[in-house]
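Build out the structure end to end from the sequences listed, making use of the hints.
Each residue of the sequence shown is one higher than the last, beginning at 1161 in my numbering.
Simulated restraints, written as ranges between beta carbons of each label pair: (1) Ser-1265 / Glu-1190: 13 to 23 Å; (2) Asp-1251 / Glu-1305: 32 to 42 Å; (3) Glu-1166 / Ser-1247: 21 to 31 Å; (4) Arg-1164 / Ser-1265: 19 to 29 Å; (5) Gly-1180 / Ala-1263: 17 to 27 Å; (6) Gly-1235 / Ser-1265: 30 to 40 Å; (7) Glu-1198 / Gln-1279: 38 to 48 Å; (8) Arg-1248 / Pro-1285: 16 to 26 Å; (9) Thr-1165 / Gly-1194: 32 to 42 Å; (10) Glu-1269 / Gly-1235: 31 to 41 Å.
Rather than coming from a laboratory, the hints here were simulated on the basis of the structure. The C-beta atom is built at its ideal place from N, Cα and C for all residues, glycine as well.
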Amino acid sequence: MDYRTERMEAMRVLCVSHRGAYNRIGEAFERLCGLASENGIPMMEGSKWLGIYWDDPSEVPQEELRSEACMTVIGDPSVPVAEDVASRLLDAGTYLVGTYVGAYSGLGEAWGCIWEELQRRNLVPGKSPCFELYMSGGEDGLPEEEWVTELCVPVE
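Right under this line is the structure:
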């Protein structure tokens, strides 16, 4: 993986929450796509898709892991009230970013690598959540080995 530190601007995202194994977050993305389509949610040109991960899977039981499927949006979208839907502002800040190329099944190992890089650089994790930015994937007609995901860890 290639690593860099990058200053990111704040991002407004529409989120659908997911509880359970991180590799099952696809179900929340399906719900998010449906909500956006049904409610005419305004997406920015080049809207980004991301997954926010709140818990450390080495410390939290798999069935209790919390994550969110998200897409960047313009303004504060109006959506039907639902317990699993939220609009949030991801804070601007500096992030350690690792660019991973390959199937989503390899992301767990990639997260281990970025945490090692964080320690190697003597960086301190920030208080904002970690997230994955899905730069390209199957929806782009690419084979799994060419999918690009950026792993983003906030740093102080």
